[in-house]
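Using the sequences and the hints given, assemble the complete structure.
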Amino acid sequence: IRRSPAYYQWRKAVLARYNSTCQQCSSLEHPQAHHKLCVVDYPDKAVDVDNGTVLCEDCHKKLNFTTNGRVEKLN
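With the working numbering as the guide, the letters of the sequence shown map in order to residues 2 to 76.
Since no wrong hints were added, every one of them can be taken at face value.
PhoX-like cross-link-like pairs, simulated, lysine-lysine; straight-line CA separation at most 20 Å:
id, residue 1, residue 2
1, Lys-37, Lys-62
2, Lys-63, Lys-37
3, Lys-13, Lys-37
4, Lys-13, Lys-46
Quick list of the computed label-pair ranges, beta carbon to beta carbon:
id, residue 1, residue 2, range
5, Lys-63, Pro-6, 26 to 34 Å
6, Asp-45, Tyr-9, 17 to 25 Å
7, Lys-46, Arg-4, 12 to 20 Å
8, Ala-7, Asp-42, 17 to 25 Å
The hints are simulated quantities; they were obtained by calculation from the structure and are not laboratory data. Keep in mind the model is a prediction, meaning the values are calculated, not measured. We put the CB at the ideal spot given by N, CA and C, even for glycine.
Here it is as structure tokens:
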């Protein structure tokens, strides 16, 4: 999905919605679009802007993932 035009539109819309500002620490450095709900479990939400938020690269790296690749919590 990350190479699809729909994904790029979703990413652009999510970044615009939050002014490319990390919703965890308010950083403007290296913003990344993040799915709130795992797209493996909710494929219909993969390009739903309401399922997106912005995290900076550092906060995105701090996510704790379970063994199956799903997000457990944010530190």
